[in-house]
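Enquirer: Spelled out from the first residue to the last, the chains are:
2 protein chains.
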Amino acid sequence: MIDVAGFSFNKLVIFGVGLIGGSLARALRERGDVAGARTVIGVGRSPASTARALELGVIDGTAALSDDAALSAALAGADLVLLAAPVAQTQPLLERIAPFLDPDTIVTDAGSTKSDVVAAARAARGDRSRQFVPGHPIAGRESSGVDAALPDLYVSRNVVLCALPENRPDTVERVAAMWRATGAAVHAMTPAQHDRVFASVSHLPHLLSFALVEQILNSPDAALKFSFAAGGFRDFTRIAASSPEMWRDICVANRAALLDELDGYTAVLAQLRAAVEAADGAALEAVFARSREARTEWQEQRAALTAAPDATK
Amino acid sequence: MIDVAGFSFNKLVIFGVGLIGGSLARALRERGDVAGARTVIGVGRSPASTARALELGVIDGTAALSDDAALSAALAGADLVLLAAPVAQTQPLLERIAPFLDPDTIVTDAGSTKSDVVAAARAARGDRSRQFVPGHPIAGRESSGVDAALPDLYVSRNVVLCALPENRPDTVERVAAMWRATGAAVHAMTPAQHDRVFASVSHLPHLLSFALVEQILNSPDAALKFSFAAGGFRDFTRIAASSPEMWRDICVANRAALLDELDGYTAVLAQLRAAVEAADGAALEAVFARSREARTEWQEQRAALTAAPDATK
Numbered sequence: 145m146i147d148v149a150g151f152s153f154n155k156l157v158i159f160g161v162g163l164i165g166g167s168l169a170r171a172l173r174e175r176g177d178v179a180g181a182r183t184v185i186g187v188g189r190s191p192a193s194t195a196r197a198l199e200l201g202v203i204d205g206t207a208a209l210s211d212d213a214a215l216s217a218a219l220a221g222a223d224l225v226l227l228a229a230p231v232a233q234t235q236p237l238l239e240r241i242a243p244f245l246d247p248d249t250i251v252t253d254a255g256s257t258k259s260d261v262v263a264a265a266r267a268a269r270g271d272r273s274r275q276f277v278p279g280h281p282i283a284g285r286e287s288s289g290v291d292a293a294l295p296d297l298y299v300s301r302n303v304v305l306c307a308l309p310e311n312r313p314d315t316v317e318r319v320a321a322m323w324r325a326t327g328a329a330v331h332a333m334t335p336a337q338h339d340r341v342f343a344s345v346s347h348l349p350h351l352l353s354f355a356l357v358e359q360i361l362n363s364p365d366a367a368l369k370f371s372f373a374a375g376g377f378r379d380f381t382r383i384a385a386s387s388p389e390m391w392r393d394i395c396v397a398n399r400a401a402l403l404d405e406l407d408g409y410t411a412v413l414a415q416l417r418a419a420v421e422a423a424d425g426a427a428l429e430a431v432f433a434r435s436r437e438a439r440t441e442w443q444e445q446r447a448a449l450t451a452a453p454d455a456t457k
Numbered sequence: 145m146i147d148v149a150g151f152s153f154n155k156l157v158i159f160g161v162g163l164i165g166g167s168l169a170r171a172l173r174e175r176g177d178v179a180g181a182r183t184v185i186g187v188g189r190s191p192a193s194t195a196r197a198l199e200l201g202v203i204d205g206t207a208a209l210s211d212d213a214a215l216s217a218a219l220a221g222a223d224l225v226l227l228a229a230p231v232a233q234t235q236p237l238l239e240r241i242a243p244f245l246d247p248d249t250i251v252t253d254a255g256s257t258k259s260d261v262v263a264a265a266r267a268a269r270g271d272r273s274r275q276f277v278p279g280h281p282i283a284g285r286e287s288s289g290v291d292a293a294l295p296d297l298y299v300s301r302n303v304v305l306c307a308l309p310e311n312r313p314d315t316v317e318r319v320a321a322m323w324r325a326t327g328a329a330v331h332a333m334t335p336a337q338h339d340r341v342f343a344s345v346s347h348l349p350h351l352l353s354f355a356l357v358e359q360i361l362n363s364p365d366a367a368l369k370f371s372f373a374a375g376g377f378r379d380f381t382r383i384a385a386s387s388p389e390m391w392r393d394i395c396v397a398n399r400a401a402l403l404d405e406l407d408g409y410t411a412v413l414a415q416l417r418a419a420v421e422a423a424d425g426a427a428l429e430a431v432f433a434r435s436r437e438a439r440t441e442w443q444e445q446r447a448a449l450t451a452a453p454d455a456t457k
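Protein sequences, first through last, are from chains A and B.
So for the first sequence, the working numbering puts the first residue at 145; every next one is plus one.
So for the second sequence, the working numbering puts the first residue at 145; every next one is plus one.
These are computed hints drawn from the structure, not numbers from a lab.
Quick caveat: nothing in here was measured; it's all calculated off a predicted structure.
The beta carbon of each residue, even a glycine, is placed where N, CA and C say it ideally should be.
There could be a bad hint or two in this list.
Some chain A residues near chain B, calculated using beta-carbon distances under 10 Å [claimed, not checked]:
| no. | residue |
| --- | --- |
| 1 | 196 |
| 2 | 358 |
| 3 | 393 |
| 4 | 406 |
Listed next, with one range per pair, are the computed distances between beta-carbon atoms [what the hints assert, rightly or not]:
| no. | chain 1 | residue 1 | chain 2 | residue 2 | range |
| --- | --- | --- | --- | --- | --- |
| 5 | B | 410 | A | 371 | 19 to 29 Å |
| 6 | B | 447 | A | 421 | 32 to 42 Å |
| 7 | B | 189 | A | 422 | 23 to 33 Å |
| 8 | B | 314 | A | 403 | 57 to 67 Å |
| 9 | A | 365 | B | 421 | 24 to 34 Å |
| 10 | A | 423 | B | 217 | 28 to 38 Å |
| 11 | A | 366 | B | 212 | 44 to 54 Å |
| 12 | A | 423 | B | 440 | 33 to 43 Å |
| 13 | B | 363 | A | 422 | 50 to 60 Å |
| 14 | A | 291 | B | 292 | 29 to 39 Å |
| 15 | A | 422 | B | 332 | 48 to 58 Å |
Construct the entire structure; sequences and hints are all you get.
Expert: What follows is the structure in structure tokens.
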């Protein structure tokens, strides 16, 4: 048994041992400040992924989701369950595991959207939703799968917890302590606030990046265009190599906030289009200069935070 | 005097000694395969930049654009003149230097747009446009200025030459030989083809990236959004830190092709918007999966080219 900031974690069960779930397991097992024996059980849709996680030593055991007895054994006595699967699976997963959960087991998730996850938790768990703490570690990468998992993935990264009114404070604090033990900085937001922020800085850019590659693919000279695409294209479209399934789920789950942001963006594009058509260099330069300044300032602040990890705590 | 693939370059005059012009000078002076004595004169708008280029040893001398005698001395006997200034300055620069150019001096440019540059060359030089070879080295970085110049910037990069019907083949070949000496692969396109390709893979992504930062800036919770922006935002908006003046000029100069691409993009976004609104996960996933596959293939092909530089020649 290991203490993390006064909370003990004996047994952790992770649904979806990929980049996010695997990195949490590795962080809790391998980082110096929290290292030690504990049991981590991985449950996944793909037997090959959980087998690989076992092979890598990321988890100690697995259970098949379809096997009642194995699932029951896996969940018995679990301190914490992490759902790290595409967000559309939150409700079915919660419904599937509900009969096997101990009353004291805390469940949290790592989904990129939160309003839908809260609705799923309440639908699936009723008044047991007080044991469910919605969370979102901000640590996406275009690579995925347990082979991409890193013990240091969460160092100096942000984790947002959207505590529910029905959560007890020590329940929330326990999940927060776990994330802090990985090196992350934990922040509180409401689900609506979370969904609006991430629609803007994450979900919309992903949609825009996928859209650019789609547009080039649809053009008659796609091969020529790709062959001359360079560094700007590379960075702009890095996120277009992200998981189609995960981003499908996010776009659907967070569609209200995403549509708001997309409509705002389309309005900005319409203004820029008018300036381009009118050859209004001054209007274009004003927007570009403002954007450049903000982007440069953002980069500098981010670099300062990374250089001084204490500042992010 | 140094031979580059059978062509001798005694004197090179560069207008705009920043990243692009400075890297060409450094490549021709410092790379093993073409190293040796030669004279490079830099002319810039800012005395501080040319002074810095002199201090760094990137150029041997400077001339003020406004000084007839100095400009005449700088251009006398020049084998080659490179214009590496924002594209809107092409015509005024060509008009300014025309009286001082030797008949045999070849002029080329490094502008990101080509149809407008061709029109500028013909307007400024009349039938002397046969000495002007439009070019575009594909080597942008978000950093700029002569301090960012690198001797290896062009290694395995592409350079597009849009030869004019009035150019003599050996005139074009001489410019091509110069770029090959920097390690670049030289390709031929028509100006219209060039402008369409780069509107798609470069100019549009820049506009889209600036637009995202502008949209966030305009929102009431901009500070919160920026503070949770992470890796996806970082890469998507890296090019929003590019030079506002340069991108203003590019957007205006290439506005016909850029508007075509922007309209095509807006149509793709409208389709995706409809799919998001209808919660049509299958339609979204189909687009995302196609984009991911194309982006991944592009990355692999690019990595293969970089690993085998001979393949790019």
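Enquirer: Among the hints numbered above, which are violated by the structure, and what are their numbers in rising order?
Expert: 1, 13 and 15
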